[in-house]
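Since the structure of chain U is provided, determine the placement of chain B on it from the hints.
Residue numbers (our numbering), protein chains in the order written: chain U, 1 to 161; chain B, 1001 to 1139.
The hints are simulated quantities; they were obtained by calculation from the structure and are not laboratory data. Each hint should be verified, as a subset may be incorrect.
[To be verified] SDA-like mimics (lysine to any residue), calculated; alpha carbons at most 20 Å apart, straight line:
| no. | chain 1 | residue 1 | chain 2 | residue 2 |
| --- | --- | --- | --- | --- |
| 1 | B | K1096 | B | L1114 |
| 2 | U | K133 | B | A1130 |
| 3 | B | K1134 | U | L126 |
| 4 | B | K1046 | U | L50 |
| 5 | U | K110 | B | K1046 |
| 6 | B | K1096 | B | I1009 |
| 7 | U | K133 | B | L1107 |
| 8 | U | K113 | B | S1128 |
| 9 | U | K133 | B | I1009 |
| 10 | U | K133 | U | A101 |
From a predicted model like this one, the values you see are computed outputs, not experimental measurements.
Listed below, chain by chain, are the residues.
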Amino acid sequence: MNTARLLLHPVMIHRRSRALLFWYAISAAGLTAFLWWRLDQLVAQAGMSLADVAAGAPPLGKFLYQPYMRTVIVFFSALVATGLTAISIVGPIRRIEEWLAAWEVGLNVKSLKVRGGDQYETMIRLLNELNLKSVRARDSRPKRPRMTMNKPIKPARKIQP
Amino acid sequence: MAAVRRHLIIEPRFQTGFTLAFVRGLLVAVAIPALLTFLTIGIIAKNPALTDAQRLAFSSAERHLLIIFVSATGILGALSAIVGLFISHRYAGPLKRVESWAARHLLGEPVEELVLRPGDELIGMSESIARIMKKDNAS
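Chain U with its partners taken away, still in its complex shape (with noise of 0.2 Å):
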């Protein structure tokens, strides 16, 4: 699977797609708080403070320990997530629209590409051979006469002897 695609994978375009990150989100926020706040209470059971443990701590630690940090990672997962689900349940939906819009639109188009991944294989196949179909049968047509807005050609004169 290409890495780009995965990454860059337009995940707010679709409202599948953000109703995928929100559901992501919202998993990913939840556990994440609640293992924060059960740690807090569990080193706090034994005596300590977890901010005070936290302060004395490597500055990767600090670092990593910090709110804002927190709430970054689970947002970035959650982007990666949908991004890696989109893919395959929503990516292929848009490019098949995309496709059938510069098709009825009348361009000249190429057959539709099933991805690594993809689960509308069988919905591709099918729209390629409509497409086929479609272009031989207009392929096939009798051609009309080409109208042309030149002057009717003049006959030769006659070369007098």
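Chain B in isolation, oriented as in the chain U frame:
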């Protein structure tokens, strides 16, 4: 169970792939922050001011959190599988209708106009196909 399967699973291959992709996404969304949380706890526990007893308390807390994480991920994964199956069902019905319509059209059988119910998924796609085929037949 059989009745549920009959109603909920229309296209087994498509719906399985769809649901697995949905659950895989959830596992990725949950695993990355959790792994970084455990990494942070590991680094915090390296605080030189901590006594051996406090380090022991930290590692015990870490084990406890690992159990919570595994159980919660299992529950969320199962929940996502159910939600994913329901969502895939909403796609599978229209998909099956459009596919069977296209297959009959390809075989040259007489087909009625392709119409999906209002609110169905893939309605934009099916409308485009119907318009293209109508235009093709008219010309």
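Problem - Holds or violated: K133(U) to I1009(B), with C-alpha atoms at most 20 Å apart - result: violated (32 Å)
Exercise for the section: For the pair supplied as a hint, K113(U) and S1128(B), confirm whether the alpha-carbon distance does not exceed 20 Å. Expected result: Distance of about 19 Å is within 20 Å: holds.
Exercise for the section: Would you mind confirming whether the straight-line C-alpha gap from K1134(B) to L126(U) stays at or under 20 Å? Expected result: holds (17 Å)
Handout entry: Straight-line alpha-carbon gap K133(U) to L1107(B), limit 20 Å
Key = Answer holds: K133(U) to L1107(B) is near 11 Å, not above 20 Å.
Handout entry: Hint consistency between K110(U) and K1046(B) [alpha-carbon to alpha-carbon, up to 20 Å]
Key = violated (59 Å)
Handout entry: Distance restraint between K1096(B) and L1114(B), which requires alpha-carbon spacing of 20 Å or less
Key = Cα-Cα ~12 Å, so holds.
Handout entry: Pair hint K1096(B) and I1009(B), alpha-carbon separation not exceeding 20 Å
Key = Roughly 12 Å between the alpha carbons, so the hint for K1096(B) and I1009(B) holds.
Exercise for the section: Decide if the proposed pair is consistent with the structure: K133(U) and A1130(B), CA atoms, cutoff 20 Å inclusive. Expected result: holds (15 Å)
Practice task
Take a quick look at whether K133(U) and A101(U) sit within 20 Å of each other, Cα to Cα.
Solution key: Distance ~18 Å between K133(U) and A101(U) Cα, so the pair holds.
Practice task
With a cut-off of 20 Å on the C-alpha distance, tell me whether K1046(B) and L50(U) pass.
Solution key: holds (13 Å)
Figure legend: structure checked against the earlier numbered hints; hints not met, in rising order: 5, 9.
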